[in-house]
Amino acid sequence: MTRLRIHGGRIIDPGDGVDTIADLYIADGHIAAIGKPPTGFSADQEIDASGLVVCPGLVDLAAHLREPGQEYKASIASEVRAAAAGGITALCASPDTIPVTDTTAVVELVTRRARQARLSRIMPLGALTLGLEGQQISEMAALREAGCVAVSDGGRPVVNTLVLRRALDYAATQDLLVMLTPADPYLSDGFWMHEGWVSTRLGIAGIPVAAETAGLARCLALVEETGARVHFGRLSSAQGAAMVARARAEGLPVSADVAMHQLFLSEMDVSGFNSLCHVRPPLRAHADREALRAGLTNGAIQAICSDHQPHEPDAKAVTFVASEPGISGLDTLLPLTLRLVDEGLLTLHQALGLVTAGPAAVLGQSSGRIAADMPADLCLFDPEHPWQLNDDTQHSRGRNSPFIGWEFTGQVRMTLLGGRVIYAASGLA
Amino acid sequence: MNLQLRQNGGLRHFLTTEGLPRELLERILTTAESFTGVIEKSVKKVPLLRGRTIINLFFESSTRTRTTFELAAKRLSADVLNINVATSATTKGESLLDMLRNLEAMQCDMFVVRHEDSGAAHFIASHVSPDVSVVNAGDGRHAHPTQAMLDMYTIRRHKGDFEPLRVAIVGDILHSRVARSQIHALNALGAGEVRVISPRTLLPRDVESLGVHVFHDIRQGLRDVDVVITLRLQRERMQGALLPSAQEYYQLYGISQERMQLARKDAIVMHPGPINRGVEIESAVADGPQSVILNQVTNGIAVRMAVMSMCLQQREAAAGESA
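Residue numbers (this note's numbering), protein chains in the order written: chain A, 98 to 526; chain B, 421 to 743.
In short, the hints are calculated from the structure, not lab data.
Think of the CB as a built atom: it goes at the ideal place given N, C-alpha and C, for glycine as much as any other residue.
A portion of the hints provided could be inaccurate.
Derived, one-sided and incomplete: chain B residues facing chain A with beta-carbon distance under 7 Å [said to hold, decoys possible]: (1) Ser538; (2) Ala540; (3) Gly560; (4) Arg561; (5) His562; (6) Arg600; (7) Arg625; (8) Gly631; (9) Phe635; (10) His636; (11) Arg639; (12) Ile695; (13) Gly698.
Cβ pair distances, simulated, as ranges [as the list claims (entries may be wrong)]: (14) B:Ser454 to A:Glu168: 57 to 65 Å; (15) B:Gln677 to A:Glu321: 53 to 61 Å; (16) A:His383 to B:Thr487: 56 to 64 Å; (17) A:Tyr283 to B:Pro694: 45 to 53 Å.
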């Protein structure tokens, strides 16, 4: 196995505050040492990281890889390539595949495809209920055995509260994390954007904030009774963030993430019927965006995810309400993280933590760190490099991003997975 | 950057009354006035759009709107093609684009579009080639600008200047593209006060931001108004818990002769049609002396002639400038 020395880079480990320019030694796919070489270490390969930041590979809690079932949108192979180019080394695959990831067969198919690609640690999420239909709970123990890191409602809230309660109870029995979508289906299905002055102007049926808060309140009541570990995916409102913060302060075993686009866009971006900004939960008011940003530091939100939803062009080349929701987000997860730093909202350390150690901790994993004996999943990026997201620079097969045309500072130069270079920007070995 | 306007400020598409300058709306009304003379003559035709092809592309059924658009185009000597698309599989996106490309290949000059999705006319306008105009004949709950302009035309003919006027719009604002377009047009034309009168279940969120005063009590809302616009109440609103019953709605919000006493003596009553007698309006009012409902229909032709001719003639003006 190769021995690597990555020299001259600024090593940032969001886990315990390491931020130092030092050499990094890698052996057998794991971090061997930081700073001083282990005795007898001789590198087979040298990587010059001068001027680069060396951070843990990004961990993404929410990605729709579209395989199996929707390979016309994207495939595991196409999207893990995009993930590698975006510095992402681990990602949760949503269970809303076709067929739904509710059996070990589908889990095995996903993990086999992932192994073939060898570009990312894909962590499948199992369906909480069969077919994500909210009626019969899934074989959670078998799903975990097959490799699922959590069970999830896959964006389709369980309508029947009794089924949800039993699903949480059963998951708690198996000590499984449950990922839930905080939305009341009656207040959100058949509605298309945030209910507010923009939806009123556009004549588009709006999703009220109460869709999120009512959904959250129901789940929180059940968490209180069952003690299940629950992660709320994709918060969208100020009130929702406050509810999660309160529940955490009270000691409930809950966590939450926010989709990156919620931190940069708002209902205003839907003006002109921009179907690229059709997402679920919807982009809300400016004040919600500000509260979600505040939630990154006040304890409400533990992770930022890409909520990657690649689409074929036709899915968006229709009227707003007929378009499919979702943004292709793998390409912009790191650049927008760095923009939060540029805007003075977070330190580089904090920001990277929200896309590495933070999401790993949500999954109960100690990865997303740079420390001795950890797998060498690394992202090396040039924090000064200016670039633009466009057709040439976007790697995902899904081109549906409202950030196309945006200028960014900071670009991935190299990504390593288990000490193996899985992506190198042109001009690098 | 307004999708509706040419660089010289002329009208390219007519998609919504929102964001258009007062002068432009006034020009539509003035142009419509000049066409009213044409319609009233025995030979009801002018050769303004001879040789032009206009396609009425209706994804939603409509009798009156489509007929008046067709008549308007014929009065302008344009060739008209009516396409009624069954509201099923074809409304799904890609075939919408494909259909557009096919129709464009037939060298048409204008699409008049009605579609059940809000934003459909914007979508089509942003995909047609530069020499094709789009007129919105109603998209979802978003806009119905020619209906609003014919209402403005009717108001101006009966009331003159907009500035001293109090206008009340009564009924289902939430689902109404007509109301949205009327509110924008009334505010752009400087109407003194625009009121909406409705229960909260039929009002969109933050409706005040459109520039209206909200009334839930019809007696307060109708007091001293000059114009009462009644909206059609769709039967299906009785489902989905928006309203308890047609009876209670009529009791609370129906326009009756008795209630019209609260408005100014010379107030006019309007309705975009088709009317539900005994649901939103009493027959005695709909057919009474204050009603201008049938005038609205007649005026629809002149206003649509104005919009069509402005869109297509300004194309020549714009081309002339660049040549």
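So, going through the hints one by one against the coordinates:
1. Taken as an interface hint, B:Ser538 checks out: its beta carbon lies about 4 Å from the nearest beta carbon of chain A, inside 7 Å.
2. Taking 7 Å as the C-beta cut-off, the interface hint given for B:Ala540 holds, the closest approach to chain A being about 5 Å.
3. Interface restraint check for B:Gly560: the shortest CB-CB distance to chain A comes to about 5 Å, inside 7 Å, so the restraint holds.
4. A least Cβ separation of about 3 Å between B:Arg561 and chain A falls short of the 7 Å threshold, and the interface hint therefore holds.
5. The criterion of a C-beta within 7 Å of any C-beta in chain A is met by B:His562, whose closest approach is roughly 3 Å, and the hint holds.
6. Residue-level restraint check for B:Arg600 holds (minimum Cβ-Cβ distance to chain A is 6 Å; threshold 7 Å).
7. With a cut of 7 Å, the hint placing B:Arg625 at the interface with chain A holds, because the nearest CB-to-CB distance is about 5 Å.
8. Restraint check, B:Gly631 versus chain A: the minimum CB separation of about 11 Å is more than 7 Å; hint violated.
9. Annotation: B:Phe635 was flagged as interfacial toward chain A, and the flag is violated, the nearest CB pair being 17 Å apart, outside 7 Å.
10. At its closest, the beta carbon of B:His636 sits 17 Å from a beta carbon of chain A; the interface hint therefore is violated under the 7 Å criterion.
11. The restraint placing B:Arg639 at the interface with chain A is violated, with a minimum CB-CB distance near 26 Å, outside the 7 Å limit.
12. For B:Ile695, the interface hint is violated, since its Cβ never comes within 7 Å of a Cβ in chain A; the closest pair sits about 22 Å apart.
13. Contact between B:Gly698 and chain A, as hinted, is not supported at the beta carbon level, the nearest pair being about 28 Å apart and thus beyond 7 Å.
14. Hint check: B:Ser454 to A:Glu168, Cβ distance near 59 Å, so the stated range 57 to 65 Å holds.
15. Here the CB-CB span from B:Gln677 to A:Glu321 is close to 59 Å, well matched to the stated 53 to 61 Å.
16. A hinted range of 56 to 64 Å for the beta carbons of A:His383 and B:Thr487 is inconsistent with their spacing of about 45 Å.
17. Remark: the range hint 45 to 53 Å for A:Tyr283 to B:Pro694 is contradicted by a beta-carbon distance near 32 Å.
In summary, the structure is inconsistent with hints 8, 9, 10, 11, 12, 13, 16, 17 from the numbered list given earlier, while agreeing with the others.
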